[in-house]
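Peer 1: Spelled out, the chains give:
Number of protein chains: 2
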Amino acid sequence: MEVSMQNFVFNATTEMNFGRGQIEKLPKILGRYGRNVLMVYGMGSIKRNGIYDKVMSLLDDFNVYELDGVTPNPRIDKVREGVMICRNYHIDVVLAVGGGSTIDCSKAIAGAYYYDGDAWDIVMDNSRITDVLPIVAVLTAAATGSEMNKNAVISNPERHEKIGTSSLKFIPRAAICDPEYTYGVSKFQTAAGTADIMSHVFENYFKSEKGTYIQDRFGEGIIEACLKYCPRAMEDPCDYDARANLMWASSMALNGLIGCGKGSQSWSCHPIEHELSAFYDITHGAGLAIVTPKWMRHILNEKTARRFKKYTRNVFHVQDTGDDYEMAEIGIDKTEQFFKDIGLPSTLSELGIDDSKIQVMAHNAVIHGRLDNAYVPLDDMDVEKILRACL
Amino acid sequence: MEVSMQNFVFNATTEMNFGRGQIEKLPKILGRYGRNVLMVYGMGSIKRNGIYDKVMSLLDDFNVYELDGVTPNPRIDKVREGVMICRNYHIDVVLAVGGGSTIDCSKAIAGAYYYDGDAWDIVMDNSRITDVLPIVAVLTAAATGSEMNKNAVISNPERHEKIGTSSLKFIPRAAICDPEYTYGVSKFQTAAGTADIMSHVFENYFKSEKGTYIQDRFGEGIIEACLKYCPRAMEDPCDYDARANLMWASSMALNGLIGCGKGSQSWSCHPIEHELSAFYDITHGAGLAIVTPKWMRHILNEKTARRFKKYTRNVFHVQDTGDDYEMAEIGIDKTEQFFKDIGLPSTLSELGIDDSKIQVMAHNAVIHGRLDNAYVPLDDMDVEKILRACL
Chain F
1 MEVSMQNFVF NATTEMNFGR GQIEKLPKIL GRYGRNVLMV YGMGSIKRNG
51 IYDKVMSLLD DFNVYELDGV TPNPRIDKVR EGVMICRNYH IDVVLAVGGG
101 STIDCSKAIA GAYYYDGDAW DIVMDNSRIT DVLPIVAVLT AAATGSEMNK
151 NAVISNPERH EKIGTSSLKF IPRAAICDPE YTYGVSKFQT AAGTADIMSH
201 VFENYFKSEK GTYIQDRFGE GIIEACLKYC PRAMEDPCDY DARANLMWAS
251 SMALNGLIGC GKGSQSWSCH PIEHELSAFY DITHGAGLAI VTPKWMRHIL
301 NEKTARRFKK YTRNVFHVQD TGDDYEMAEI GIDKTEQFFK DIGLPSTLSE
351 LGIDDSKIQV MAHNAVIHGR LDNAYVPLDD MDVEKILRAC L
Chain Y
392 MEVSMQNFVF NATTEMNFGR GQIEKLPKIL GRYGRNVLMV YGMGSIKRNG
442 IYDKVMSLLD DFNVYELDGV TPNPRIDKVR EGVMICRNYH IDVVLAVGGG
492 STIDCSKAIA GAYYYDGDAW DIVMDNSRIT DVLPIVAVLT AAATGSEMNK
542 NAVISNPERH EKIGTSSLKF IPRAAICDPE YTYGVSKFQT AAGTADIMSH
592 VFENYFKSEK GTYIQDRFGE GIIEACLKYC PRAMEDPCDY DARANLMWAS
642 SMALNGLIGC GKGSQSWSCH PIEHELSAFY DITHGAGLAI VTPKWMRHIL
692 NEKTARRFKK YTRNVFHVQD TGDDYEMAEI GIDKTEQFFK DIGLPSTLSE
742 LGIDDSKIQV MAHNAVIHGR LDNAYVPLDD MDVEKILRAC L
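Quick mapping for you: the protein sequence lines, in order, are chains F and Y. Counting in the numbering used here, the first sequence runs from 1 upward without gaps. Counting in the numbering used here, the second sequence runs from 392 upward without gaps.
Just so you know, these hints were derived from the structure itself, not from any lab. There are no misleading hints in this set.
Just some of the chain Y residues that point at chain F, by a computed CB distance under 7 Å:
| id | residue |
| --- | --- |
| 1 | Asn398 |
| 2 | Val400 |
| 3 | Asn402 |
| 4 | Thr404 |
| 5 | Met407 |
| 6 | Asn408 |
| 7 | Phe409 |
| 8 | Gly410 |
| 9 | Arg608 |
| 10 | Gly612 |
| 11 | Ala616 |
| 12 | Trp639 |
Computed list of lysine to aspartate or glutamate pairs in EDC-like fashion (alpha-carbon distance at most 20 Å, straight line):
| id | chain 1 | residue 1 | chain 2 | residue 2 |
| --- | --- | --- | --- | --- |
| 13 | F | Lys210 | Y | Glu571 |
| 14 | Y | Lys419 | Y | Glu406 |
| 15 | Y | Lys601 | F | Asp236 |
Just so it is clear, CB atoms sit at the ideal spot from N, CA and C, and this is done for glycine as well.
Build the full structure now, drawing on both the sequences and the hints.
Peer 2: Following this line, the structure appears as structure tokens:
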């Protein structure tokens, strides 16, 4: 089952401007690309916490056009709206001010701008992404890592589809990461974001390649940072160290670093969760918190137990009992307990989700996520079992 | 003494092409910049192991000019020679094929090309670096991290000076990192390179900033990789996993990642070792192996003991005895023992170095390294004591 470290290309090109007051650099950064800016943002939190006013005050010398109302699980109709603005006003650069949803939406806009057909086409088939407008991100939530990577996940509610697409050209040119900008993130969203960060590590950590020692130590460090700092940020939302470590964890978990040399297999929990979000529009991180421990138990077997044991030992610093299986179960239990401790749901019932869509969700997850190629390959029946365990 | 995480910019832009057979990409990579290539290399090992022939066979469509004979502790006269070739043949891109010395020399050439005065000026004063020719590296030794960073260290034997300079424009555009290309590195050079990698982590790990949790976990992971894989690579030079992890450790230890948010203080051991190399032309990593444990003991005090304890606990997995000082000493002893175990010298006498130059080396280290601003500030007397302890 184990294979050697794969060849890889690591090229995380985003200029990460991290820390208090970095927003002051925004005019200089945007000025590299032009004067016509499309500013994309969400449901108005940046107006309540002053970030909107701050950004606007810095952009006197720019022509700023706005696209607001980007929702969690950002939708293709919002992408289409953004493309129209870009074309009407000859936008030079897309400025995303928000979390992962806003940045993902901005990426799709920036890519669809150069595509003649419908924007949904480039989500379904990234070979249609030929060029992309420059993207700059001002990050206001630690979760998806979109600020430093090539990925975008877009939902199509009419079709009950939530699909990930990617392009190297989607990588933001620069990001402003001020931990203070996340002080206003709610306890629930802080927890959900943390579950997302942790899942990004899991998706790369639980793979068949051996010899990826450094990547695995890095991944464990990110998980440990989540375990340590998420409760602290929930306890005191203005704990700078906690917010800073969660923010940096977000970027480090999914900028390619943890996955270097581990490229051969599909992800597991994300595709399953994407179906939940597509059908029920639930919070991505909450869905992951439910699915992850059940997935871990489902794939635990003689071949995978050693990797889970390593996880248990290195992340939770549990003394080795000598029994791989027992050690694995301790780690899975601790993972599940952590999600409960930070207030995330552990069953679908808590979110009012029943078993009526399980078959179609399982089927779609296997197809969209190419789960036959996952760390432990999953077919429709496997995913159904995992989802039923989540009820 | 402790301060908060500093603001930082992280922008490691090198396209890292890692793994077996990546050399095949070389023509495509170089072709981005032009047809006139200056190929810089060292003392001929690449001719013996076939890398030279392989590179040449791939570059039929290019005009390749050669600068060979770059020595360890690369010298300013070699830089001047390279600049002449670049000007005479309108070089478009500098291709470094070698280890840190070759890449550092290439950086200085690429920067001095655009400077009208003597090349040494840009080493002494990096504000004179205005533009830099594109640099591409084919890495053949794991050590300095130069393949993914902005630094170059150049020696001026006439002046007994070994000086580090840096520019964001020095960062190689792309690197080819094939672990098999390091199979021929001798046991001694493998060990010395490992000591260099470890020192790069130490220089960032032992700093006063608190709250840099992720960076510290990453640093510990790199040190652990060195402890695990250096002996394996010495035992079996063709152990792919061992060579791959050391190579990736090299790049990760000094691409800015471990130092994110820890920018406020000078390095300690590198400036001291640079004086040893400047006066006695010794192998950098060997000098570091001698200086590092003595420096650690010299700066161990009530304020620093806790950080050393953390190092001991997280890297060597020693059960906490409860006594910070005792724990610190265990970690320092283990570090010193590791360097001995991999065959590196632990005293200057072993290299035939006596106390005759200690005063001038100490003085120069304090000035060139701005050691008054180190983690534990060091004056001439401190460095003299450290160097005397090394005798």
